[in-house]
Amino acid sequence: MNQREKTSLKNMEYNRYIALRYSLAVLFFANLNWLVFLLTVRSVYALLPFVMLVFAGPSIMEQIKVYGQKSSLTHTTRYFKSQLLLNGLLCVLAFVPVFFRGAFPFMAESAQGLIGLQIVLVLGIGMAYKSLQKIQAIHQRQDRMHHAVLKYKHTLKASDPNGK
3 MNQREKTSLK NMEYNRYIAL RYSLAVLFFA NLNWLVFLLT VRSVYALLPF VMLVFAGPSI
63 MEQIKVYGQK SSLTHTTRYF KSQLLLNGLL CVLAFVPVFF RGAFPFMAES AQGLIGLQIV
123 LVLGIGMAYK SLQKIQAIHQ RQDRMHHAVL KYKHTLKASD PNGK
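Everything in the sequence shown is counted per my numbering, starting at 3 for the first residue and increasing by one.
Take the hints with a grain of salt, since some may be wrong.
Now the in silico label distances, taken between C-beta atoms and shown as ranges [as the list claims (entries may be wrong)]:
#1 Cys93 x Tyr16: 30 to 36 Å
#2 Glu7 x Met63: 24 to 30 Å
#3 His141 x Pro107: 39 to 45 Å
#4 Gln71 x Leu125: 30 to 36 Å
#5 Gln142 x Gln71: 16 to 22 Å
#6 Asn35 x Ile66: 21 to 27 Å
#7 Ser10 x Gly118: 42 to 48 Å
#8 Ala139 x Val43: 36 to 42 Å
#9 Val43 x Leu91: 17 to 23 Å
In short, the hints are calculated from the structure, not lab data.
Yeah, the Cβ is synthetic: ideal placement off N, Cα and C, and Gly gets one too.
Please construct the entire structure, taking both the sequences and the accompanying hints into account.
Structure (structure tokens):
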């Protein structure tokens, strides 16, 4: 196998994780945005997005390292589970007016504000849940990209004149 083929295979393997990287980035910036808003009003609830940003750090590093080596995605799994749990908790606590005002001071204290917030939180839950499913599929080698990698490897072997 020549260097170009090896690089292609390495890139294909790395692309198996692309949905996870995008989900991680979206949730990271959502938490960062939430943190900035809460810091401007000096809310004690700024601790929530701060903790999620701290949890995201090892996950981001894990996603970078996955290019050069296989990974169990331990940190990434933990991050998505934490985000899923936090968003679920926020969905419930958002109905408590004191919590809503403190944690989401930038949202209108109305039915529309609550519905808008619930939509965002449910989207976050969905993103974290789908990411956890993707991690499971990768571990079980049931993801679509794994099948594409296998097909490409088979094609390389079939086109190898030495039969190696």
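Outcome of the hint check:
A C-beta distance of roughly 34 Å is found between Cys93 and Tyr16, which places it inside the suggested range of 30 to 36 Å. A beta carbon spacing of about 28 Å between Glu7 and Met63 agrees with the range 24 to 30 Å that was offered as a hint. Checked against the given bound of 39 to 45 Å, the beta carbons of His141 and Pro107, roughly 40 Å apart, stay inside it. At about 32 Å, the beta-carbon gap between Gln71 and Leu125 stays in the expected band of 30 to 36 Å.
Take Gln142 and Gln71: their Cβ atoms lie about 19 Å apart, and the range 16 to 22 Å holds. The given range of 21 to 27 Å is respected by Asn35 and Ile66, whose C-beta atoms sit roughly 23 Å from each other. Between Ser10 and Gly118 the beta carbons are some 44 Å apart, a value that agrees with the proposed interval 42 to 48 Å. In this structure the supplied range 36 to 42 Å holds for Ala139 paired with Val43, their Cβ-Cβ distance being about 41 Å.
Val43 and Leu91 have their C-beta atoms about 21 Å apart, which keeps the hinted 17 to 23 Å range intact.
Taken one by one, the earlier hints all hold for this structure without exception.
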